[in-house]
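Protein chains: 4
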Amino acid sequence: MIITLKKDASRIQVEAITGKIRELGFSPHITHGKELTTIGVIGENAIVTKDIFMAMDGVESITPISKPYKLVSREFKKEDTVISIGGGVSIGGREIVVMAGPCSIDTRERLLSTAEAVKAAGAKILRGGAFKPRTSPYSFQGHGEKGLKLLAEARKHTGLPVITEVMNVNDVEMVEEYADVIQIGARNIQNFDLLKAVGKAKKPVLLKRGLASTIQEWLMSAEYIVTNGNPRVILCERGIRTFETSTRFTMDLNAIPVVRHLSHLPIIVDPSHGVGIREFIAPLAKASVAVGADGLIIEVHPKPEEALSDGPQSLLPEQFARLMDELRLVAGAVGRTM
Amino acid sequence: MIITLKKDASRIQVEAITGKIRELGFSPHITHGKELTTIGVIGENAIVTKDIFMAMDGVESITPISKPYKLVSREFKKEDTVISIGGGVSIGGREIVVMAGPCSIDTRERLLSTAEAVKAAGAKILRGGAFKPRTSPYSFQGHGEKGLKLLAEARKHTGLPVITEVMNVNDVEMVEEYADVIQIGARNIQNFDLLKAVGKAKKPVLLKRGLASTIQEWLMSAEYIVTNGNPRVILCERGIRTFETSTRFTMDLNAIPVVRHLSHLPIIVDPSHGVGIREFIAPLAKASVAVGADGLIIEVHPKPEEALSDGPQSLLPEQFARLMDELRLVAGAVGRTM
Amino acid sequence: MIITLKKDASRIQVEAITGKIRELGFSPHITHGKELTTIGVIGENAIVTKDIFMAMDGVESITPISKPYKLVSREFKKEDTVISIGGGVSIGGREIVVMAGPCSIDTRERLLSTAEAVKAAGAKILRGGAFKPRTSPYSFQGHGEKGLKLLAEARKHTGLPVITEVMNVNDVEMVEEYADVIQIGARNIQNFDLLKAVGKAKKPVLLKRGLASTIQEWLMSAEYIVTNGNPRVILCERGIRTFETSTRFTMDLNAIPVVRHLSHLPIIVDPSHGVGIREFIAPLAKASVAVGADGLIIEVHPKPEEALSDGPQSLLPEQFARLMDELRLVAGAVGRTM
Amino acid sequence: MIITLKKDASRIQVEAITGKIRELGFSPHITHGKELTTIGVIGENAIVTKDIFMAMDGVESITPISKPYKLVSREFKKEDTVISIGGGVSIGGREIVVMAGPCSIDTRERLLSTAEAVKAAGAKILRGGAFKPRTSPYSFQGHGEKGLKLLAEARKHTGLPVITEVMNVNDVEMVEEYADVIQIGARNIQNFDLLKAVGKAKKPVLLKRGLASTIQEWLMSAEYIVTNGNPRVILCERGIRTFETSTRFTMDLNAIPVVRHLSHLPIIVDPSHGVGIREFIAPLAKASVAVGADGLIIEVHPKPEEALSDGPQSLLPEQFARLMDELRLVAGAVGRTM
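Chains as they are written, first to last, in this note's numbering: chain A, 1 to 338; chain B, 339 to 676; chain C, 677 to 1014; chain D, 1015 to 1352.
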């Protein structure tokens, strides 16, 4: 990192700073300019000590020059990470993988019929929520383990691997037992104990970006999982919060090539939450494939007006099937298969 | 619009409100509920009087139920507007139109060679800035009329219609003389006198979204142009300002289908400004076509490190040509031509 | 809530909607206007069914007309809630209460001397972090129970009640044992299982606003705690995330009078996190008192350059003492005591 | 500025970069570290050439280490700038100056009576809009010169200097003739030709922050005015656009001490626009004084429900008088007079 000194920094202050740099095991490189003086702090992970220097007299600002994450970075591992899910499905390769299903698991019949329908349309993974993070305490909170069991039944029925969310460190073991992919929702992006817990799990983790996470913070949350032992992290862009209110969130598709540049992890997109309005899901799904995402996660429900959550952004099975046909064409246009 | 009353609104307050509604020529419709009372205000353009009621005692909130713009709305005109630019080019139809060229016009030679190059690659309109809005007073401010003349020369040379920005009401006439499309930049989205001035011009206007404009405000700025007499407005998404700092702006591709739903005007995307980093322009350009944009505007410069502005986000001519080939495939995949 | 119909909604669609309204136990009130038709849905908690109607054909938009929270609302309870903390301290009354101490608990000596210093300056509650939510897995994560024990020792020593953060449902019981106030950090604002867990605790809860929480979501998170049995919730504004990067966050002081209007709960401000730069803490602390906050939480550390976290935003004990003197004057000017 | 090289930058790339640095008249200082290599670019205004280097191969990122504005910076001029307005009023000294009056000038009678009322309450400058920037083309656009004449009459009547907005370069001369302070509204913060025009005016300029301007951009817009010859610029914070929708904008009071640190220019606050809801203006006005603002600009109207704009955020004259009494107490508490 580079420390820029205040114009009026005294010699004593500068000595205190360089002394502290050496004390911490780094080496200081001073550059005196006409306008200002900077001190480079050279050494592994120097940036972790940033706050120490920010708190010292004579310091104007500090500039990180290396990244605060390591294991998830493209510099650490050059090749794309391909994550095998089971059932012959893997994410991060040439094939674009679509996960689909209801937001919340409701009845057995509906889950099974939706599972059949999304499979027939070409989805490779079944999604369904058993634990639901809801803004209001008065909204439906999910069927819990009962839902997980239905999900497992749908897997048995269709052969599709399943993905479902975990919200609580105490449920990780149970969710891991039923799910093929464990989902961490946007609201838990900095629930660090939960990140550590799924870092110890044996199943791949889908890590949704928080609604106000910078890309850097998101990668640092992924680093929490990897550094705890689980290298199989799939990132998922799902929209960020901005001033625009005509859609539920603002999809940040810039994030796809940026993440691909910074990290070797696979990245997918959730257009259902990112837009939040049924009729706009399809164009954004196509854009996501065109921009280079490795997959999509899409909400599908046969009776959106009876869905226990997210009805307005769920596609009907026939809409989903039509979209899949369109996506295949876009995937082909950008050199991917589906 | 609907006025929701405060729980403790008095009878006298309610009468004052309904009296004012009638005084303004509208008719009030009261609904008494267990929880609260609402008054519907029925009549053309009632929403314009919103502030009057917000300022009255007993009013809790006001909800617009019709849109504050009219001429640009899809309700006013169902069919897509197709705008003819000249030189056989039109925007808003099945064909995707790409505008390309340098951010700022610098030398004659470079402009001409860039114009040739983008034409050869398939661009249909040449872009180039003569008046440049620059954040710093110490940055290059554009060549002014000299630049416009070079642009006209490049048009003569290549046959490509040209687009350039106007920043000042006093330059509208001059710019109109040279340009085929007049551009209003993001920073002038609410420069209402400029909007009125180009509303009186005879050339089509490209209206970039402001960096903090809601979609509704953007359409209201378009309404300023149309209501002043110029129906040929092309909208252009160019990224909004959010908390994310890893790209210059956050592209809001959600806006494309939303605008298409709300308005009959054509809409294009500027990925160069929306991302601001050369290597991420191509994927976002492809996403823009996939999401349904009618065109793109892209910065191209043969020597980015000598460009007078926006070098870091300019494509080299050969990168642009390669991108055009890729875009044609995506356009085909979503049923468009290029 | 009010359902606005699409202009071209068919009679059959309207009947489906009104049928569904009755089926759910509410009553529909149709208003036909020249421009459009609306249906009022009258009945307790109708808004919870919003998604059902949003998912139906013929619906253009839905407008909530009552609030989605209840127990925390000013409508539910008119008088300000005053929360007794113990040690003779209570929050929400005329007296402004200042909580102060180090971000992270480090050594015993420092904690005790800081506790003495902040007490001498007039702080009424001691703060100190034992479990630290850190963006990077490589940063110091807190001393855990050892830190809690030091905190309890500092309480015994000074008589000051103590506040500390809990991050994990499994630690709630332990934290409750040591702390007088349990803090929920900004990153856990929608960690709903944690909210439920502290809703069952017997100690008051300080609920920090999330960095991208709307005021409404924040109050709904408070509702989670209250509805689970714990009515003693203190709200804390600590800055939101915006595009501005010259301070760590953007303090939203508008939120203080807005929350006071909407809710009966006490609200305090954390200027240390809200600004993040030592020299700007004092003016923002004064503004917080002037705007009507019931208290402040401020980071104080005797050696900021050796602090384990947040050194750059910690005040020195002598700076804190000076600030307290200044705050007393401002408190007096707005009719509060300190 | 400091150029950080890509890890795999070649020797040829590095030579091209250092060659370019010398070619532009600066001197390069290379620091080789284990992790990475940086090149300091030393020389006056080096940052203006940033884009040139960003566009070169081998460059990872560029860090500005000096500020992009100069004349308005605290480094250029250490002492606070005090601006004399006329009528014995000056801004930037110990006295807090309040500007008040209607948003739009409507009738002569109302303007005169409001002027008398705000003067009696202690306001030192009369505000009133003759040219109104309105989001909708269908809203009232101001009385133009007729309004300016009424404003001049009100000044004659009361002795209060007047402030009014200019939106168009062609109106600057006319507005300058009538006004004592020329206002540039938030929407024109980057209308650079207008900034240049008021830079040539002889009257002080009030420069409102744009709704998405960073503090740095705002100061660069001030630099445009000063560098064109007018050093008398008063800054005005008026709220920024964020995701929060419960107030019209989010007041950024952090900006007051930050600007005071970076610049010698006086800074005032506009709580009327910053909050947008009458009942919340008073607490935010008090916070603005407490945080260190040099003044306030507040909308006052005797009949808000008949105001031609901004009725809901206008104070009644008696509310304003009461607020002024409260503000005097806060001003005293922070060592200011009023």
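Hints are computed from structural coordinates only; laboratory data are not their basis.
Yeah, the Cβ is synthetic: ideal placement off N, Cα and C, and Gly gets one too.
Hints should not be assumed to be uniformly reliable.
[Unchecked claim] Derived Cβ-Cβ restraints for the label pairs, each shown as a range: (1) A:Thr245 x B:Asp395: 48 to 54 Å; (2) D:Pro1078 x A:Ile30: 35 to 41 Å; (3) C:Glu785 x A:Asn228: 50 to 56 Å; (4) B:Asn383 x D:Lys1163: 28 to 34 Å; (5) A:Ala16 x D:Pro1078: 24 to 30 Å; (6) B:Pro640 x A:Ser113: 54 to 60 Å; (7) B:Ala354 x D:Glu1187: 42 to 48 Å; (8) C:Val758 x B:Asp395: 38 to 44 Å; (9) A:Asn228 x D:Gly1107: 41 to 47 Å; (10) B:Asp395 x D:Thr1259: 22 to 28 Å.
Hint check:
The hinted window of 48 to 54 Å between Thr245 (chain A) and Asp395 (chain B) is violated, with their beta carbons roughly 28 Å apart. For the pair Pro1078 (chain D) and Ile30 (chain A), the beta carbons lie near 19 Å from each other, so the given range of 35 to 41 Å is not met. The hinted window of 50 to 56 Å between Glu785 (chain C) and Asn228 (chain A) is violated, with their beta carbons roughly 33 Å apart. Checked against the hint of 28 to 34 Å, the pair Asn383 (chain B) and Lys1163 (chain D) passes, with Cβ atoms roughly 30 Å apart.
A beta carbon spacing of about 25 Å between Ala16 (chain A) and Pro1078 (chain D) agrees with the range 24 to 30 Å that was offered as a hint. Roughly 58 Å separates the CB atoms of Pro640 (chain B) and Ser113 (chain A), a value that falls within the hinted 54 to 60 Å. Under the hint 42 to 48 Å, the C-beta atoms of Ala354 (chain B) and Glu1187 (chain D), about 44 Å apart, fit the expected range. Between Val758 (chain C) and Asp395 (chain B) the beta carbon distance is about 30 Å. The supplied range of 38 to 44 Å is therefore violated.
At about 58 Å, the CB distance of Asn228 (chain A) to Gly1107 (chain D) disagrees with the hint of 41 to 47 Å. Evaluation of the 22 to 28 Å hint for Asp395 (chain B) and Thr1259 (chain D) yields a pass: the beta carbon distance comes to about 23 Å.
When the structure is compared with the earlier hints, violations turn up for hints 1, 2, 3, 8 and 9 and for no others.
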